[in-house]
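Those protein sequences? They're chains G and B, same order as listed. The numbers in UniProt numbering rise by one with no breaks, and the one at position 435 of the first sequence is 435. The numbers in UniProt numbering rise by one with no breaks, and the one at position 125 of the second sequence is 125.
What the hints contain is simulated information worked out from the structure, not anything from laboratory work. Fair warning: there could be bad hints in the mix.
Identical chains share a label here; the pair holds if one copy fits it or two copies do between them.
Unchecked claim - Result set (BS3-like, lysine-lysine): computed pairs, CA atoms no more than 25 Å apart in a straight line:
(1) K326 / K421
(2) K402 / K349
(3) K420 / K441
(4) K25 / K96
(5) K119 / K36
(6) K112 / K243
(7) K349 / K365
(8) K456 / K421
(9) K382 / K308
(10) K91 / K76
(11) K299 / K415
(12) K432 / K349
(13) K393 / K292
(14) K456 / K415
(15) K415 / K112
(16) K305 / K91
(17) K112 / K25
(18) K308 / K365
(19) K299 / K96
(20) K70 / K318
(21) K119 / K326
(22) K421 / K116
(23) K137 / K91
Number of protein chains: 2
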Amino acid sequence: MENFSQWYSEILERAEIYDVRYPIKGCGVYLPYGFKIRRYTLDILRGLLEERGHEEVLFPLLIPEDLLAKEGEHIKGFEDEVFWVTHGGRKPLEVKLALRPTSETAIYYMMKLWIKVHKDLPIKIYQVVNTFRYETKHTRPLIRLREIMTFKEAHTAHATREDAENQVGEAIDIYREFFHELGIPVIISRRPEWDKFPGAEYTVAFDTVFPDGRVIQIGTVHNLGQNFSRTFDLEFETLEGGKDYVYQTCYGISDRVIASIIAIHGDERGLILPPNVAPIQVVIIPLLFKGKREIVERKAEELYKLLKEIGIRVEIDKRDIRPGRKFHHWELRGVPVRIEVGPKDIEDKVVTLYRRDTGEKYKIKEEDIKGEVLDLLERIGKNMRERAEGRMKGYITLLDYKEDTSIEEIVGRVKEILKKKRGIVLIPFSGKIYNEDFEEKVEASILGVTEYNGGKYIAVGRTY
Amino acid sequence: MENFSQWYSEILERAEIYDVRYPIKGCGVYLPYGFKIRRYTLDILRGLLEERGHEEVLFPLLIPEDLLAKEGEHIKGFEDEVFWVTHGGRKPLEVKLALRPTSETAIYYMMKLWIKVHKDLPIKIYQVVNTFRYETKHTRPLIRLREIMTFKEAHTAHATREDAENQVGEAIDIYREFFHELGIPVIISRRPEWDKFPGAEYTVAFDTVFPDGRVIQIGTVHNLGQNFSRTFDLEFETLEGGKDYVYQTCYGISDRVIASIIAIHGDERGLILPPNVAPIQVVIIPLLFKGKREIVERKAEELYKLLKEIGIRVEIDKRDIRPGRKFHHWELRGVPVRIEVGPKDIEDKVVTLYRRDTGEKYKIKEEDIKGEVLDLLERIGKNMRERAEGRMKGYITLLDYKEDTSIEEIVGRVKEILKKKRGIVLIPFSGKIYNEDFEEKVEASILGVTEYNGGKYIAVGRTY
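All chains, please: the whole structure from these sequences, using the hints.
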């Protein structure tokens, strides 16, 4: 993609996903088509969370100033970007209220009321809400927002450090599976100390690479240890009758997952949607020839019903415009499968299928339609995932060095790679490199420490 | 119910629906069980809206001051209760931002960008969001909130006045069906001029009566005419090539529908949930006798699988506590059907069913379980609806008067009814009565004009 940034802006508008023209910087509107992609994406995430015992809740947006400020590290990490409500009607409020930048403080205040003894644990809850950051950097639709419209945050509390550690593992598994479902390849790394979540013991992050070669963080998992539980006095009676503070974790996913679905899979002709989140999985286009109109329309309806029956999200495009325009319309919107219905095919008892991911067009026997479409949707999902993984591999460069290679030389080589090829550079771990000093020198971010083919690497890249 | 207000507060806490202990007045937390009731309720509403061509969208929370103030009547209706964001980080904002009290101004600003010609119409969109009112009155959980956590607002735009009028009809049908599904009886009335939505031509409202005899508004439909479209310059090219402003409607439902499900159907022992929104529709309680444990547990699992297969939300309560405590636990939470599994029943190849709405307990042949449970859930929904309608009838008093009856006498009689029996008084329509003066005299609200058994009445009641 020659100019990803321009392509991305245009596709949001042309495929009717998200309208950026709202009169506040960093705030926009999810349009019906974009909203449906969001809905199906959240369905997958909710399913994965609930299978593993997470329960959905809903907390207030507003957080009193004193509550937000309770955990020292946490508030330091956020205070420059909090929106403040100061007035109700015409009167100043007695206590300033923050628009949640994230909900730890709101949720842990309530957990205090819910946790007395070990039997009350674990607690595993999540919510999908809007959160707010007064970003001073350049905002980007669905990537860097002032109103994050989709923030799935999970919060857990456990009786032991080991349980919390296991929960981090479960969260990583959930996100790994989630991104797998969406065909989004990821590098999972443990963020450096200086870049962890404010208030966490450590942070594990999921990054992917966009077609411009820049790295984007699309999910994070935090082990909070007892940092918050001590601050919020989340003490409980242990199994042995003693007292301890709970061990906590939290993990989040945002609108960036929608941005990634768009960015990772799209091509010059528009979106290519993974079948499991496509608002329309199959579109039927009747090819209306003179005198054959009725027979074609009847067949289109028949196929529609057959596919609807087996739970496929199918539409017939009945508009009175040329087929070519319809093809273009639905390709732009990333519909995975197109069925063309014409008189010749009807006569031959065949159906013409077109798959958006490869552009391949082929005929099958009409009687095989149900099985073939289900199978094709599977294959498309798989192919999209493999293709994206292939591209991701192309963006990863292993940089080897010898014992006596100077830092300056390593810096030089990293900078060159990030300039030419971009993506992520993996450097075999060394304390000499793993520091903020190196980060400054390479003018890129140390994403953290990651495992790759069994080795321990420092991952470096230019981030969004 | 002797003290409804106390019962209501207690049930929210004990059935784990909504936690009021959040440290901001009028803001609380949807707990997992309450959240699920909300989810299934919204599923029904979304289904009804989408069947009729409404598409879900998502707009920003924040509205710039100048935008909110654009429609004169509208802002007058809200300005005393708007929360204002004035700071981002430590800096004052250039333009104050309102937390949406409702989204007309945000949405119609964007509609201006979407509407050019008649082919762009109608637009029928909706969103489910949080909205904010700085209430100075006494707040009540899910009834009068500062953060309305569940606000379903639909907004439509049409090419003709007639289309908008028809849309009002469709919206009324949707809400009527929605409340029917939930077994919540309603009186539908056209609100008086002095009580319509700020900026509307007229408002149609849905009211129900709570067990304390007080009336509560639970849904509204507004015909906005061209009031907003002129202000927001929503001009379009008509079919005939002329210019006109669009005709608009909007309609809303809030957390009050959850409050109503709880209030209308509950009894002294707790919730009674309509089967279609019950998070658990059937709970299986194994009665574990010595030496029979295994056979009972196996049967419980078997019944669980059978019911799960046909899509019923079923749980087995395997906790190691006495059956009596389990019965109580699930009755409090309003689970519609309980199945008790004991060794004697297993021997006799029967199953014992208990229905929460009537307290009736009976046995059926084990082989009939699937059909019987499905049918029973239907019957429970129907019975709950009829019972609620019966109660509602009891709360409606027709007040007749003669040509020469004085206003003072009518006032006296209305006051007496509202004191003794409460509920809604229906008075045959007369201009002498239908005014704010009368409202003041009876110290109650004129809900509006309604049809009842073919007659035209003024409805009066004390409202929440």
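Hints and how they fare:
Neither within a single protomer nor between protomers do K326 and K421 lie at most 25 Å apart by alpha-carbon distance, with minima of 37 Å and 63 Å respectively. In the homo-oligomer, the alpha carbons of K402 and K349 never lie at most 25 Å apart, since the shortest distance is 66 Å inside one protomer and 77 Å across protomers. Only within a single protomer do K420 and K441 lie at most 25 Å apart by alpha-carbon distance; the minimum there is 17 Å, versus 82 Å between protomers. Both within a single protomer and between protomers do K25 and K96 lie at most 25 Å apart by alpha-carbon distance, with minima of 23 Å and 13 Å respectively.
Taking the closest pair of Cα atoms, K119 and K36 come within 25 Å of each other only across two copies (23 Å); inside a single copy the shortest separation is 39 Å, beyond that limit. For the homomeric pair K112 and K243, the shortest alpha-carbon distance inside one copy (14 Å) is at most 25 Å, but the shortest distance between copies (61 Å) is not. Only within a single protomer do K349 and K365 lie at most 25 Å apart by alpha-carbon distance; the minimum there is 6 Å, versus 49 Å between protomers. Taking identical chains as interchangeable, the C-alpha atoms of K456 and K421 lie at most 25 Å apart only when both belong to the same chain, with a minimum of 22 Å there against 77 Å between chains.
In this homomeric assembly, K382 and K308 come within 25 Å of each other (Cα to Cα) only inside a single copy, at 23 Å, whereas the closest approach across copies is 30 Å. Only between protomers do K91 and K76 lie at most 25 Å apart by alpha-carbon distance; the minimum there is 16 Å, versus 28 Å within a single protomer. For the identical chains of this complex, K299 and K415 are neighbours neither inside a copy (59 Å) nor across copies (67 Å), given an alpha-carbon limit of 25 Å. Neither within a single protomer nor between protomers do K432 and K349 lie at most 25 Å apart by alpha-carbon distance, with minima of 69 Å and 74 Å respectively.
For the identical chains of this complex, K393 and K292 are neighbours neither inside a copy (50 Å) nor across copies (59 Å), given an alpha-carbon limit of 25 Å. Proximity of K456 and K415 under a CA criterion of 25 Å is satisfied intra-copy only: 21 Å inside one chain copy versus 81 Å between copies. Within a single copy, K415 and K112 get their C-alpha atoms no closer than 49 Å, and across copies no closer than 47 Å, so neither meets the 25 Å cut-off. When the C-alpha separation of K305 and K91 is checked against a cutoff of 25 Å, the pair qualifies neither within a copy, at 59 Å, nor between copies, at 58 Å.
Taking the closest pair of Cα atoms, K112 and K25 come within 25 Å of each other only across two copies (18 Å); inside a single copy the shortest separation is 37 Å, beyond that limit. In this homomeric assembly, K308 and K365 come within 25 Å of each other (Cα to Cα) only inside a single copy, at 19 Å, whereas the closest approach across copies is 36 Å. In the homo-oligomer, the alpha carbons of K299 and K96 never lie at most 25 Å apart, since the shortest distance is 63 Å inside one protomer and 57 Å across protomers. For a Cα distance limit of 25 Å, the shortest separation of K70 from K318 qualifies neither inside one copy, at 59 Å, nor across copies, at 40 Å.
Proximity of K119 to K326 under the C-alpha cut-off of 25 Å is restricted to the inter-copy arrangement: shortest distance 17 Å between copies versus 59 Å within a copy. Taking the shortest alpha-carbon separations for K421 and K116, neither the intra-copy value of 54 Å nor the inter-copy value of 45 Å comes in at or below 25 Å. Only between protomers do K137 and K91 lie at most 25 Å apart by alpha-carbon distance; the minimum there is 15 Å, versus 32 Å within a single protomer.
Checked against the numbered hints above, the structure breaks hints 1, 2, 11, 12, 13, 15, 16, 19, 20 and 22 and satisfies the rest.
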